[in-house]
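Peer 1: In order, the protein sequence lines correspond to chains A and B.
Residues 1 to 245 (the numbering used here) make up the first sequence, in order.
Residues 1001 to 1217 (the numbering used here) make up the second sequence, in order.
In case anyone wonders, no lab produced these hints; they're calculated from the structure.
Where a beta carbon is used, it is the ideal one built from N, C-alpha and C, also for glycine.
No false leads were slipped in.
Restraint-style ranges between C-beta atoms, simulated for each label pair: (1) A:4 x B:1145: 53 to 61 Å; (2) A:66 x B:1047: 28 to 36 Å; (3) B:1145 x A:112: 39 to 47 Å; (4) A:180 x B:1198: 44 to 52 Å; (5) B:1106 x A:168: 21 to 29 Å; (6) A:172 x B:1199: 42 to 50 Å.
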Amino acid sequence: MKGNVLVEFKDATKRFGDLRVMDGFNAQFFEGETHVVCGRSGAGKSTMLRCINWLEPINSGIILFEGIPVSAKTARQVRKRVGMVFQHFNLFPHLTILRNAILGPVQALKESQKDVVPRVKELFNQVGLTDKIEAYPAQLSGGQKQRAAIVRALAMNPDLIMFDEPTSALDPEMIGEVLDVMKGLSQEGRSMIVVSHEMGFAKEAADRISFMDEGKLVETKSSNDFFENPEHDGTRQFLRQILQA
Amino acid sequence: MYEVTVGNLLWQLGLGMLQTLKLLPLCIGLTLAFGVLIGSLQTLRLPLLNSIITVYVFVMRGVPPLLVLMILFFAANIADAFLTAIIGLSFYHTAYISEIVRGGIEAIPKGQFEAAHCLGLSTFQTLRKVVLPQIWYQTLPAIAGQYILLVKDTSLVSVVGMQDIMRIGKQLMQVAADPLIVYFFIGVFYYVICTSLQQVSAQVERGIREKYWGGVR
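Please model the complete structure; the sequences and the hints are all you need to start from.
Peer 2: What follows is the structure in C-alpha cells.
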C-alpha cells in the first residue's frame, strides 16, 4: 500500500570536511508510510533526516520533497510542511508548552490564534497532556517533554513528521509513553520517517525499515522481511547485536 | 564670603542630578534599541556589515568616553550640550550593549534555532520570538552593570557644558562650599542612583524568571 513518493534522494552527498556522511545516497520515502531507519551511530542517519529540511545543506545531488527540490530558497516552504522531533526535544524554555505548540502555526502559517488553540488543545489531549498545557518545559518529565514536542510538530499539520532518535535521551520508564504516541500516529496513516534503535517499535509500527551504513541505505525491506530475511551482512550483524541486548 | 547651607547645597546638587537623570531614560532606550539591533545583526554574519560593526565596537572599546564627547562637541560642532551628551554616551555604550546581546544570542543552544527553523519561522521571527526572549535572564547582570557604568559616565558631560551635578558642584565650591562636603554629597547622589539600578535589575531578573520559566529556573 504505497502512496506517492514524498521524499526522494537522488545521488545526494553530504560531507563534513573530509568525512563523507552521505555518499551517493539514494532513497525514497512514501506518503502514509512509517519508515524506520536504523544503523550504527555515525552511519549518517540523523544527517540524512536533517538534509530533508535543509538543516544541513547537501553538497551535491538532489532531494525532492513533494516534487520540490530542497534548497536554501525552498527551505522555509519545505519546513512548513515537515515536522521534526528532536532527540533533545528542543522545546522553547521561556514558553508554556501550549505557547510552544501554537508558535509555528501563528508565526509561520499566519493562522489566527483562535483557530489554532482548540486544535492544539485537542492534540495535547491525544497525547495525554491536557492538564499540563500551561506548564513550562522545565516543569515536565522527559517523556512529557517529548510528547509536547510531538504536539508542537503536529500543530503545523505537516505532510511528514521526522523523528530523530526521539527516545534516546529518555529514562527507560518513559520510552513507552512516547512510543505509544508514535504508534498512534502511525496507525492514523501519518507519513513518518523515524531514526531509531527501538526495534520493538519498528517491528510493530513500521511499514518499511532501512538499514543505513557508511552513508548509504544498504537494505530496505518491509517490516517482517527486515527481521526475518535480512540480506546484507551488516544488517544481520546489527540485528544480532541489538536484539541480544 | 557667604555660607552655603546644607539644605541649599542639596537643593542645588539635586537640580544638577535631575539634568543627569534626564539623560538616562533616553540613553538607556537608545543603547538598548541599537544594542539589540547591532548585536543581532552581528550574529547573522553578513559580510560587509559585520566588518563595519566590528570596527565600530573595537574603536568604542578602545577610546575613553570623554574623547567621544569632546569630538562630538568640539570637532563635530554639535552646539547643544544635552544633545552631545545623549548622542555621545549612547553611541559609546551601544557598542558594549551590542556585544553583551551578541554574546547572549550565541550562548543560546543551537537546538533552539533549529527547532524554530523547523517550524518555518524566518530568521527575524526566530530572533524575536524564540532567541531574544531567552537572552535577558542571562545577560541582565551584564546589562545592569553596563548601565551603572553609563550613570557614572554621565559625570563627564559637564565638560561639554551641561549643568549637571558635577558642574554645579564646582560652581558651589567657587562661591564658598567646602569641596569635601560637596564631593561627599555628589558621591551620595551617584551611590543612590547606582544602587537603585542594581535593585531594579534584581527585581527585573526575578520578574523574568517568573514570567518566562514559570519560576522554575
